[in-house]
Amino acid sequence: MAALIQTIYSGLVLGAIYALMAVGLTLIFGALRVLNLAHGALMMIGAYVSWLIADQLGLPTFLGPLVSFLALTLVGFAIYSLLIGRMIRQPNWETNTFIATSGLALALESLALLIFGPRNQSQPFAIEGNFAFLNITISYQDLVILAVAALALLLMERFLTKTRPGLAIRATAQMPDAAQLMGVRRDHIFLLVLGLSSGLAALSGVLLSSIFFIAPTFGFYPMLKSFIICIFGGLGNIRGTLYAAFIIGITEALVSLYLGVRFALPVMFGLIIVVLIFRPSGLFGQREVVRL
Amino acid sequence: MSETPMQNALSRYWPWFAVVAFGALPWLSGDRYLMNILITFFVWSLIVVQWNLVLGQAGIFSLVQFAIFNLGSYFTAVLGAHLGIPPAVSLIPAGLFCALFGLLVGLPCLRLRGPYVALLTLATHSVVYLLIFADTSGFTGGGYGLSGFGDYGFRDLFGRNGQLVAYYYMALILLIIGCLVAIWVMHSPLGLAFRALRDSEGYAGAVGISCYRYQLIVFTLTSFFIGIAGSFNGTYLGLVDATGFDFGRMMLLLSMIVVGGMGTRWGPILGCALLMVLTEFMRDYPQWGPMAIGIAVIVVLLLFPRGIADGLARLFGCSGKQPATPAPASGAH
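From first to last, the protein sequence lines stand for chains A and B. Counting from 1, one number per residue, gives the positions in the first sequence under the numbering used here. Counting from 1, one number per residue, gives the positions in the second sequence under the numbering used here.
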């Protein structure tokens, strides 16, 4: 019983990180209809930036995630203005952005390998120690993760529902043409979305690496999981993605406990295949109305 | 544009000239390095030509084809290693097995639209990979892979030097068959149906063209040839292991198609040749290789959104006919 509660608890922590990752992906898809395969590489860069700040430069650790968020927001701007923005609305843009972002991921990963080497680094943004509460062991780092993730998600929720740029993002996601007619500059919105999403990727990279490690390719499987979460929750559907992140996080923890870690991914993929057969737009996705 | 008969013949029959040139090559140069590179080129070209039918003609953004290629290798390796069935016997069954697998994957996947297809097929790829990689029963060899499962017996027939040439011709013949089938599909009722679906899905549906059914047919058919390519490649290398599922290599093959020109007849082979040349060129600088490829792909796509084949045609102003525009990969607008 204690093992079960402990597992569900660690599933919640994982879910919080996944939520941050997946929300960034689903934001981009919702507004731009682009699958960003560089998301995992951006997480990795974000984790390294935080490591550089706190470990290499010796600055206060709490600056790590902050600087990482800001730096990757700028990287996101650059990716939009140099790459995705130039492809969007060109012929084949859906395929081309997919291929180009995966090419970017490849380039970023090999760049990181060149600069930082293949050795795993540990994330300095981590607090040692733990305490027991109702038979479950809770580490301080888990609380930090939950706090940061909750804060980031709450701020984003406020941003998307209460501010004008946030509303414009949601309007563009719902109906791009109508939003444009209401005076929303589409390019600005896309730029903003890419910056925000990359910043969230950085933040989730810092958090994830604080319980695992940092390596040039460590973002790939988390990204794959985020994609699963996104299709589970319905691509572009932020609320659904949040639910899905926690469902997947807890499922992963349970499968790892009862079947073994190596079955965690296959079981999840199997689950998603079954879900999509019965609900082709995801568990919380709304069926898109297709008019001829 | 007026063309001399010579030019006309060249532009019309150049694929056959290329076949003759490749066919004559082993007599001109028996360089083992060149032979090996060209065999890989033929195998990859076969995959991208078939995959291109799925992506560019049928408009299915499927990523599972590379896993099917590997399954073809594994089919032959497992049969050879455990039952002693020679690869020559299991070549066609490997294709059939992969066609069946393609059909089973296609049944649920092709009901979905756009990005969901891409992500679900990517998930399928990862499941196959992880299951094989984590297999400790020895059936698939797990992380170690399988080797010593036999070959086509070319060494006994043609000797040590003839062996490579035999593999070379076999790969070339498989590629020619693959290309002929691809061209046939493009011009068959299947191709016409896809053109109709691309132009107006609603109208095509109204006259009784079932998108799902035709997509399933192409998916299964191409899986057959990709499986054969896999079976051949596994036998040729003599080793089948889970690193074959490498995501980077899958994206490289996909990039070949897109860089060359998705949906065009020869674009994917052109893309394959270009990226393979780049890969070989970067072999001396392994740490820069992936970056060079990633950047090259991005630059090409920024300059030529429809791929190199179309870009070249435009540059030289001989774009006589509109290249086949592939259907949008996503149904979402």
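Be aware that one or more of the hints could be misleading.
Claimed, not checked - Partial pick of chain B residues on the chain A-facing surface, computed with a CB cut under 10 Å:
hint, residue
1, L107
2, A118
3, L122
4, R198
5, S255
6, P290
7, M291
Said to hold, decoys possible - FRET-style restraints, in silico, Cβ to Cβ:
hint, chain 1, residue 1, chain 2, residue 2, range
8, A, I115, B, H82, 42 to 48 Å
9, B, E280, A, F212, 51 to 57 Å
10, A, L134, B, D135, 37 to 43 Å
11, B, T243, A, V274, 24 to 30 Å
12, A, L70, B, G23, 55 to 61 Å
13, B, G205, A, A147, 35 to 41 Å
14, B, L302, A, S122, 33 to 39 Å
15, A, L155, B, P189, 55 to 61 Å
16, B, D246, A, R119, 17 to 23 Å
17, A, A147, B, L315, 53 to 59 Å
18, A, I115, B, P86, 46 to 52 Å
Hint data in this document are derived by calculation from the structure and do not stem from the laboratory. Here the structure is a predicted model, which means the values were calculated and not measured. Even for Gly, the Cβ is constructed at its ideal location relative to N, Cα and C.
### Query
Looking at the structure, which of the earlier hints fail to hold?
4, 9, 13
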